[in-house]
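Here the protein sequences come in this chain order: A, B, C, D and E. Position 151 of the first sequence, counted from 1, bears residue number 151 in this note's numbering, the numbering being contiguous throughout. Position 226 of the second sequence, counted from 1, bears residue number 226 in this note's numbering, the numbering being contiguous throughout. Position 140 of the third sequence, counted from 1, bears residue number 140 in this note's numbering, the numbering being contiguous throughout. Position 280 of the fourth sequence, counted from 1, bears residue number 280 in this note's numbering, the numbering being contiguous throughout. Position 109 of the fifth sequence, counted from 1, bears residue number 109 in this note's numbering, the numbering being contiguous throughout.
Check the hints yourself; a few may be wrong.
Unchecked claim - Selected chain B positions facing chain C (in silico; Cβ < 7 Å):
1) D127
2) R129
3) K132
4) L135
5) T136
6) L137
7) G138
8) N140
9) Q143
10) A145
11) E151
As the list claims (entries may be wrong) - Each pair of labels, with its calculated beta carbon distance range:
12) L337(D) with I11(C): 51 to 59 Å
13) K150(A) with L13(B): 47 to 55 Å
14) D132(D) with K150(E): 51 to 59 Å
15) S24(C) with S267(D): 44 to 52 Å
16) P129(C) with E231(D): 34 to 42 Å
What the hints assert, rightly or not - To list a few chain E residues with every Cβ distance to chain B over 12 Å, as calculated:
17) K61
18) E70
19) V156
None of these hints come from the bench; they were simulated from the model. The C-beta atom is built at its ideal place from N, Cα and C for all residues, glycine as well.
Residue strings, one per chain:
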Amino acid sequence: MDLLVNSVQSAFLLLFSGDPELLTIVWVSLKVSGISTVIASLFGIPAGFLIAYSHFHGKRFVLTCLNTLLALPTVVIGLLVYSFIARRGIFGSLELLYTQKAIIIGQVILIVPLVTSLSIAAISKIDSRYRKTALTLGANQRQMAWVIIKEARYGIGAAVIAAFGRVIAEIGISMMLGGNARGFTRTMTTAMALEYDKGEFVLAVALGLTLMSIAFAINLLFHFFQGRDAIDVV
Amino acid sequence: MDLLVNSVQSAFLLLFSGDPELLTIVWVSLKVSGISTVIASLFGIPAGFLIAYSHFHGKRFVLTCLNTLLALPTVVIGLLVYSFIARRGIFGSLELLYTQKAIIIGQVILIVPLVTSLSIAAISKIDSRYRKTALTLGANQRQMAWVIIKEARYGIGAAVIAAFGRVIAEIGISMMLGGNARGFTRTMTTAMALEYDKGEFVLAVALGLTLMSIAFAINLLFHFFQGRDAIDVV
Amino acid sequence: MLYELSRLTRIFKERTILDLEHLSIEKGKIYALTGANGAGKSTLLTLLAFLDQPTSGEIRFCGERVRYGRQQLLHARRRVVLVDQYPIHFTGPVWKNVEFGLKVRGISKKLRQKRVEEVLERVGLENFPQADAHKLSGGESKRLALARALVVEPEVLLCDEPTANVDAENQEIILNILEGINREQQTSIVVATHYLSQTRRLAHHVLVLEHGSLSETMNENIFKCERIHKEEDFLVCRVGKEVDIRLACNQVQGLEQHCRIHIDPKSIKFLARDAQTQEKNILTGHIVQIEQDQDFVRCTIDCGIRLHAVLTMDAYLQQQLMIGEKRVFCLPDTSILLL
Amino acid sequence: MLYELSRLTRIFKERTILDLEHLSIEKGKIYALTGANGAGKSTLLTLLAFLDQPTSGEIRFCGERVRYGRQQLLHARRRVVLVDQYPIHFTGPVWKNVEFGLKVRGISKKLRQKRVEEVLERVGLENFPQADAHKLSGGESKRLALARALVVEPEVLLCDEPTANVDAENQEIILNILEGINREQQTSIVVATHYLSQTRRLAHHVLVLEHGSLSETMNENIFKCERIHKEEDFLVCRVGKEVDIRLACNQVQGLEQHCRIHIDPKSIKFLARDAQTQEKNILTGHIVQIEQDQDFVRCTIDCGIRLHAVLTMDAYLQQQLMIGEKRVFCLPDTSILLL
Amino acid sequence: EEKVLTMSTTSSTQSSGLLDILLPVFEKESGIKVKVIAKGTGAAIRDGQDGNVDIIFVHAKNRELAFVNEGFGTRRYPVMHNDFVLIGPPADPASTKELSDITSVLQRIAIRKAAFISRGDDSGTHTKEQALWADSGVQMLEKSRTIVKKGKKIQVRSYFPADTGSWYLSIGQGMGKVLTYADEKQAYTLSDRGTYIKFKYGKNPAIELDILCQGGEQLANPYGIIPVNPAKHPHVNYQLAMEFVQWITGVRGQKLIDAYRLEGKQLFYPDVL
Ligand SMILES: Nc1ncnc2c1ncn2[C@@H]1O[C@H](COP(=O)(O)OP(=O)(O)OP(=O)(O)O)[C@@H](O)[C@H]1O
Ligand SMILES: Nc1ncnc2c1ncn2[C@@H]1O[C@H](COP(=O)(O)OP(=O)(O)OP(=O)(O)O)[C@@H](O)[C@H]1O
Ligand SMILES: [Mg+2]
Ligand SMILES: [Mg+2]
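Build the full structure now, drawing on both the sequences and the hints.
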């Protein structure tokens, strides 16, 4: 109880202290997770559409693999990406390790399966008459896909939000590939983990609450863009 | 590249070694994440239904909060639960800290928002005529809810799978609340993190791959239960 | 009284869809509900099935005021079943869909089996018990919806366009089923329909909705027309491509370019071949259809537009109307109503 | 030829839904497609709209064999539009739905505006451009689907039950629209319908489907009947509650308890009031409806069941059939077909 | 009933593999199972303060003593020690090899602005590093944040060399990760010997970094074990804790520590033997 109360108060102090270091951290977090989410969506939503709307041998297998990838631990992603971009790895010369780009690469790998799999779920429940109607009215494949994706937008929106939540709250990859270097790749979550390691629990939770307030603000924005109708049911 | 090849080989060795310690770890992982997923689903799916199907003031606010909770970092969950179940916490006398139960509590908190939010997305796209039809044919509220949930089962299934993937791959909460005690609360992911800490990268990835194979097997089972029709689209 | 509605309105987003001063529906009778698209038929049926709440006003069901609490609703809903205009089916086989209503009522498996078989046979779906309900053809799907409702033997059956999309043979069958359950089980029935000619033979009463209110005029003989020119004391309007109708001037205050008129079918007068008349609107057309409407005879004339005339049996026999004949008829001033 | 189908089948899960030896559809004509529920009408239209592939056989469109590659399909689909039996609308306002077909064709905003307005006016939805397409009433929704198709001015328009759920006034309007675009723009039209009486007046050809194949017999006068007893050289079957029909014995080999019969409307003979006859099946009924069917006259007799008879105009005039009259008629042996 | 002792310890004791040698023997001899919770020194001490564990086994002498002074622990028992080493790239861009004294090495690094990776996590190693920087005369900066604890505002402080620009990277992670990081960036860092040996000789591919400065009182790294005070937390299992203390500071435990070799190198030196 104490912890929560103290942390809430500290979170306020932090938020209003205007501490430049904190601002940097927040900015890095938002930038990295925002870019990861956008890239993963640009890739995962069309992939979800393609998988949902095509018939091919082994489709069930692909779906099972996708679902399996949802259980990919951050340590594995971190290590695999690491082995490619480390100084001695194939892409070592690009000097990606311990940069924000490295975090983005890892996070994209982390959430592409999530976005894809949830998009498939959302898209495949869309009445097949939408597809037929779009096609008979003269839509080409791309235009038809757009119609379907628009009809599934609430489900897809939920997928994107879940993915964003996943990456902004993510620690392992940011730690391993970003390195938690102060001023460079320190994010809200790695900062939090650090405070935890130090035993500064109040500060850790306060940072967490700051993160939540920011996530709340972003979700408000998102809801605003997703429009009124999306949630009207019954 | 090397890392991957070595790890795959080691993973095979591990899997077929029948090492009792590994078996315990796998069993703890499965048990803990399985129970967490079941509890979270039992709570999240009905909650999702209720939220999707009721009109109340502040519904949009609740939805935004739910989406925000998707960004709840494991450190925060870990610390908050810790503050309640630590010896000095309110529930200290229950001696929950550093047990599997503690991990389950934390993981349930982690994924309830995910299951709820994705269930809402799945349920709210179900044609309102299903509700009307069920009601006019004499269903009571519970029976009607069941009809709707069955119609949304593919989306809800996807939510549950995503939640399971999230917890089985989760490290922070298992570490903080379970403590990674060998033979008690060591899970696949905390073991992985430990090997990583030790610098045993190959072993870490090998454990990760073992985890993936198990997740794959579980997803196969799940697909089998979810039935053929769920993925037939177009 | 089965239903008594008073001062009932239903408003969606500031648009008043239903506005009924008073409506009573008797027990054990068949009502046909008709009216143009968007008149509010489906909205009314949904209210009668307690699936929606009126914006204002009250509904009395079997003398008691309907309360929208969960338990009361469940109780009332178990007595009334609505068959949707565009029915939707639960994912699964036809059988499970029909069984649903019995299952939620906790009826034993054996009895369910028997009743479902009976009712599938009745609507002619006995060959499809295991077919996927979502893949049925348009008419099969409609009949399945009816079967699902019939199987619970409701006190009140509300059918929204039960024969639309259904083939001729099954239309007959459905009408016979409705007639049958009304006669044998005293089921009260309300049928929304655009095919009055069919329903007329079974309906004890016909309700006409117009813009959400009950109306006296049948929704037939309604035409869009265009103002052409004004003469001394009347205005010439063109209906369709070639028919000119003259409207008396007292009606045409501030008339716009386009308007709609209604011609009362009962006022249309056929003229003897050699008759002289003062009427402004004298038209000629072929008779294309004649049908019985209880004690009256309905006759469709093609004179560029299709006009319906209703005659008494005597008038019909006297006029000797024959299909294919070219006949002259007049529309008295009072028969034309500007809408 | 617009379409030429040969040895075409469509099989769903081992059930053959369509099996057409040969079918040609001419350019610039209106076809009415009829048949019982589940006969395969919608399935056929979906194939004609290139939204589905036949299981075997080929379709030639404008002389060329249809290929199911993306680019070829897009090209063909842009020439043909299907209006669904139960149409679905894109989430959003009516306007956007109608605009869709033009937008995907890259037509300029200004032209879109104009065409959408025109077509909404045409189907009588001019007052709803901003209404939510999902909340329209049954008939409005049907008309929106038609508008969506009309706006792209397709070469071929396939309509699945365009008048079902539509009110009388708009049924007329829709039929007139179809007639109009066929006459003025030479649009080829195929209309699936159960209301042949309506469509007959515009259709140049009528296609009847029966269990997925083309059939000569119209799907009317089809009845379920129950075997009652056998007499010397015929079998007595009961149709409905009270009508007994005698079947010649050569037809009744291995007949089951229940069967279906078809009575050819053209073979029904009205008897003079005093006529004597050798026929086995002599029935009496009231005449409830008479209507024109191109050069023929269709007459509906209520004799416990509703029978349709088709007469030549001469026979009709000679028989002097009048509504409400009680008449005696016979069903010659050859007019009864066991299905 | 099973006797279970819960112990919080720093990751280095666990990841060095020492506990894997000690505990099974202890368990066999005493019948007590030890449940090990490994985390950063700060968090491990915190566990003791909160009474979540029966005993703590860490390496941050000053904080350990404070822990005892505040009454959380009964007494600090010295167990073993090893030492810290300064490691860096073989190329040695700051030419530290010519210097022997750790404080002057750090000074040189600061002057040359050679890349240095700091744990930055308030761990034993980090605490040591901060002290060494202070001793070396490099000007230190203090950064503080205000938080609320028990309703009172308090400052959380951290120190690091001034004028750090981009050469001093504080990454706030465990020793292993810091070594990996330093290897990647070819930077200097301070490490405990155990982890260094592991990463240098026990891993493929090995890190390239070499020891550039070692030895001397300043780099000593003592480990102590402290039972949690039953007066503060009555539920703790003081008796089991003392059994373990006696065992590990006894001959058997001390010999095992002395004999422990990682990659053929001795890691820890017993304090009592
Ligand atoms: N939920 C809603 N929100 C807004 N408008 C609605 C809603 N439901 C119905 N409407 C509008 O109310 C009017 C009446 O609808 P209703 O479905 O009752 O008509 P109907 O008489 O059944 O017509 P039809 O013969 O076409 O089935 C329509 O114009 C429709 O657009
Ligand atoms: N995708 C499908 N899978 C399995 N069966 C199907 C499928 N689509 C249609 N059918 C079946 O094929 C038959 C023909 O369907 P179709 O929709 O073509 O009939 P229709 O002639 O349009 O009937 P209606 O007059 O009722 O609209 C029906 O019995 C239907 O159950
Ligand atoms: Mg309706
Ligand atoms: Mg059909």
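Hint check results:
no. : hint                             : in the structure
1   : D127                             : holds, 6 Å
2   : R129                             : holds, 4 Å
3   : K132                             : holds, 5 Å
4   : L135                             : holds, 6 Å
5   : T136                             : holds, 5 Å
6   : L137                             : holds, 4 Å
7   : G138                             : holds, 5 Å
8   : N140                             : holds, 5 Å
9   : Q143                             : holds, 5 Å
10  : A145                             : violated, 12 Å
11  : E151                             : holds, 6 Å
12  : L337(D) with I11(C): 51 to 59 Å  : holds, 55 Å
13  : K150(A) with L13(B): 47 to 55 Å  : holds, 50 Å
14  : D132(D) with K150(E): 51 to 59 Å : holds, 56 Å
15  : S24(C) with S267(D): 44 to 52 Å  : holds, 49 Å
16  : P129(C) with E231(D): 34 to 42 Å : holds, 36 Å
17  : K61                              : holds, 23 Å
18  : E70                              : holds, 14 Å
19  : V156                             : holds, 15 Å
Hint 10 from the earlier list is the only one contradicted by this structure; the remaining hints agree with it.
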